[in-house]
Structure formats: C-alpha cells, structure tokens
Amino acid sequence: MQRLTFIPSANIKKKPLPVWTMGTISTPAGAVLKVRTDLSRADIWGMVKSRVSAFRMNYIVMPGLYAVGEPTKECDVFVTANYKMSFDALRRELTGMNAWVLVIDTKGINVWCAAGKGTFGTDELVKRITEAHLNSIVSHRRIILPQLGAVGVSAGTVQKKTGFRVSFGPVRAKDIPAYVSSSYKKTTEMSLTKFSVLDRLVLTPMEINPAMKKFPWFAAVVLIIFGLQPSGILFQQAWYGGLPFLVLGLLAVFSGAFLTPVLLPFVPFRSFAIKGWLMGLVTNFLSAQFYSFVNTQDKLLLVTSYILFPALSSYIALQFTGATTFTGMSGVKRELKIGIPFYFGALGISLVLIVLFKIREWGLV
Amino acid sequence: MRYLRKMSTLKYCAEKCAGCGRCIEVCPQGVFVIRDKRAAITDQDLCMECGACAKNCDFNAIAVSAGVGCASAVIRGMLTGGEPTCGCGDASTGSGCC
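Chains as they are written, first to last, in my numbering: chain A, 5 to 369; chain B, 29 to 126.
If you are wondering where the hints come from, they were derived from the structure by calculation, not from laboratory data. Just so you know, these numbers come straight off a predicted model, no measurement behind them. Treat the hints with care, as some may be off.
[Unchecked claim] Mimicking SDA-like on lysine to any residue, the simulated pairs with C-alpha atoms at most 20 Å apart in a straight line are:
no.: 1; chain 1: A; residue 1: Lys190; chain 2: B; residue 2: Glu53
no.: 2; chain 1: A; residue 1: Lys341; chain 2: B; residue 2: Asp64
no.: 3; chain 1: A; residue 1: Lys189; chain 2: B; residue 2: Gly47
no.: 4; chain 1: A; residue 1: Lys190; chain 2: B; residue 2: Thr70
no.: 5; chain 1: B; residue 1: Lys34; chain 2: A; residue 2: Ile278
no.: 6; chain 1: B; residue 1: Lys65; chain 2: B; residue 2: Cys45
[Unchecked claim] Only some residues are given here: those of chain A computed to face chain B with a beta carbon under 10 Å:
no.: 7; residue: Arg145
no.: 8; residue: Val155
no.: 9; residue: Trp243
Where is the CB? At the ideal position from N, CA and C, for every residue including glycine.
Could you build all of it, start to finish, from the sequences and the hints given here?
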C-alpha cells in the first residue's frame, strides 16, 4: 500500500498510474504523486455508479501522501478517506492551491461512516503521518481534517503522538477555499450538516435497490398463495389474484424508500416508522382508489392490504435512519423496540386474513 | 430536522469545561455554544450521539453513549448480540448502506 507514496522514479514507469495523477514532485522523503484537481469523465461516471450500486464497495484510492499544485514546506496538509468519491470531493476544491493531501486507509469508506466505525481513526492517522514522514516534508505542525472525521479521531492524542495539531475544517469540502482564505475560521454554516431535498434524493437509489433485491421473494410468496388451489397451483389464478398485491408491494417500497426520504421534513411526526407508515397508508389508499379490484373483489383483501403495506413502508422508511445526518442510536433503538413487535403483528394478522380468504375461496366454509 | 425527543444520552459537566471550544468545532448539529467562556448546550434534542465532542474533549467534561443511528445496524446488533455496527464496507454482509 505504502509503495505509491514514495515511488522511486524507476518504479513509476512500471505501474500504470491512475489518470487523475500528473507526474511527481520530489520531497526530502522521496517522490510524491501529483494529482489533478479537475474531474474527468471517468471520475464522474464512477461517482454516478457509486450512487446507485455496489460499485461503491471497491472504489478506492491508494492511501498515502499526494501533492496538489507545487506545494512547499509551508503548505497546508488536508487529510481524507481513501473512498474515491471523498478524495475527488476534496481535490476538486483545491483547484489553484498548493497543498498536500494525506489519504488514510478507511477501507474505501467515506469519512463520516469510517469515523463512526473507527477506521478513520486516531491510530490510522498517526500511522500515516509517521509513514509519510510528514515531519520532514512540511516545516509546520498542523493538519486539517474534515470535521466529520472528529467522530473517530482524538485531536489531543494525535498531537501527543505526532506533534501535529489537528484542526477540524468544514463539514463539506466545497467550503475549504473560504475556510482557508478566512485564515482557518469556520462559520457556523460550515460546521453544520445539511440534509436538503437534493441530499436526500441522491440517497434514495441505495434505499430502493436493497428493498428490490428482496422483492422476488415477496412476489413468489404472493403468487403461490393466490395460485394455490386444492387441485394444485393454477398459474392464471396466481397472476390475476396476485397482481394487485404485487403492485401494492411495489408501491409500498416506493413509499418507504423514495417518498418518505424525499418528503422527510414535510411528513408529520419525528419517528421514521410513523412517517413511513403514514406515507404507506396514503399510498395504499390512493392506489386502492385507482385499483377497483381490491375494493370490489374482496373486502378481506382490502383490509389485509391496509394492515400489510403501510407496515412494510414503515419498516423500509426506518432503514433510512442509517442515511440521515441527524438520527441517534438511542432513538433508533426506541423505534425498533416498538416497531418490531408491530411489524411481526401486522405480518401475522395479514397471514391469518389471507388464510381466511383462501378458506372461503375454496368453499371450505 | 430533529429526531425523537429526550432520547440523547449526552451528559455535560460545566464545572470541568475550560472553554477551549473543541466541542463547537466538531459538533455537526450545533448542540454547543460558548456562553460566559464555557460551553453550553443549546438543544439536547439536536444531538445525534455521534460522540465527536466526547472524544475530543481534553477535560472529560462531555460523555455520551455514542453509536450509529442506523436501523439496520441496530437490528444487526440485536441479531448478533453485539454492539450495533455499521455493516457498510463489509463485503461479507453485502450491505450497501451509507
């Protein structure tokens, strides 16, 4: 891992270097790769793929020290995670500056999540500062960390072990130019996380994706239940009987994984479970209006849909707590303590009602 | 946006505070302000229990039971009997969150 940090010039030609690099700069500790500050088409495509898929799981930068522009001994050192999207967010904001970038190994996870896990942590930072021989590359003794890294890094310990004083910079990389030009003063604005509608919108694909991966199982169960006859499974019956439930299931996913996150501040109550349940209720109500089948065909199925799908939407919406900027663990535990028995209850009652429906369908009573 | 009321485990002891301002520097939720040369809590319900303040308070004036406010992590903690941990990045769990 460390090899790329001080590449002996002979080695550079052997290994294909990432396209975002541009030569090297020599330092007392060896050659350091220079990085571009403009994002190429490949960088942007990588960002899009990371937003929608598991591509993000292995989108990494080699840890170590990098140079931006023509940095000297006096220049600032910015620290970031080795998730490529975090690294890109930082380097594009350093356009026109001369600075050092120290990438620490967070196993390809972004700063905040890695800090929560401890991989963006005190020990890793101390190790990278030492291995990069930062004390011989810069003459000052200060490093700038992204503020959200503070969850994992104890500034006091880093200073004790390395002599470097940690400044926690802005939350968002885009505020770095303003932070630097105001002689490292943060405005309140720069310290607070935001969670705008756009922030929430870009997170929804990764809410919908995991839910949809489980959807085939739900679909299989629904089709079997509706197709099941004393004489075997009838496919036509499975399809016509099951289709409404499949559509309502899809809409519950849409309600929990998309509508609730996007409309988050506008949905009443603070609990994510209640928010998701309400949105699921509204979605189920509206779709039942358009879909006369559930109404006319069977009241039993209509009742089942109102018990099952808002609860499903609620459960999926609760998962979004992991993506927000403001939910705490104690609150989530409370929600689950009440939520989980409720979800199992809803599932149990739904199954009982479906069994009653089948009993009547088969003419057993 | 605020989460559930009166849930946060944040504890702050003003007597120990030296007024260095680190907590204000690290808190992403604006929970702390400096009042009369000491930190003060603005609104406890803003706290998301990330633990950055407690970790960086050199005077041990802040304590919080830190953890991830993530339902799937808490569920995983319940199932495995361990502490709730974010599965993000563990290829073994296949989790694609955060």
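Status of each hint after checking the structure:
1. Restraint check: the Cα-Cα separation between A:Lys190 and B:Glu53 comes to about 8 Å, which is no more than 20 Å; the hinted pair holds.
2. Simply put, A:Lys341 and B:Asp64 have alpha-carbon atoms about 41 Å apart, too far for the 20 Å limit, and the pair is violated.
3. Between A:Lys189 and B:Gly47 the alpha-carbon distance is near 17 Å, which keeps this suggested pair within the 20 Å criterion.
4. Of the pairs offered as hints, the one joining A:Lys190 and B:Thr70 holds, with about 19 Å between alpha carbons and a cut-off of 20 Å not exceeded.
5. Among the hinted pairs, B:Lys34 with A:Ile278 is consistent with the structure: their alpha-carbon atoms are about 18 Å apart, no more than 20 Å.
6. Simply put, B:Lys65 and B:Cys45 have alpha-carbon atoms about 9 Å apart, close enough for the 20 Å limit, and the pair holds.
7. The criterion of a C-beta within 10 Å of any C-beta in chain B is not met by A:Arg145, whose closest approach is roughly 17 Å, and the hint is violated.
8. Against a cut-off of 10 Å between C-beta atoms, the interface hint on A:Val155 holds, since the closest Cβ of chain B lies about 5 Å away.
9. The criterion of a C-beta within 10 Å of any C-beta in chain B is not met by A:Trp243, whose closest approach is roughly 31 Å, and the hint is violated.
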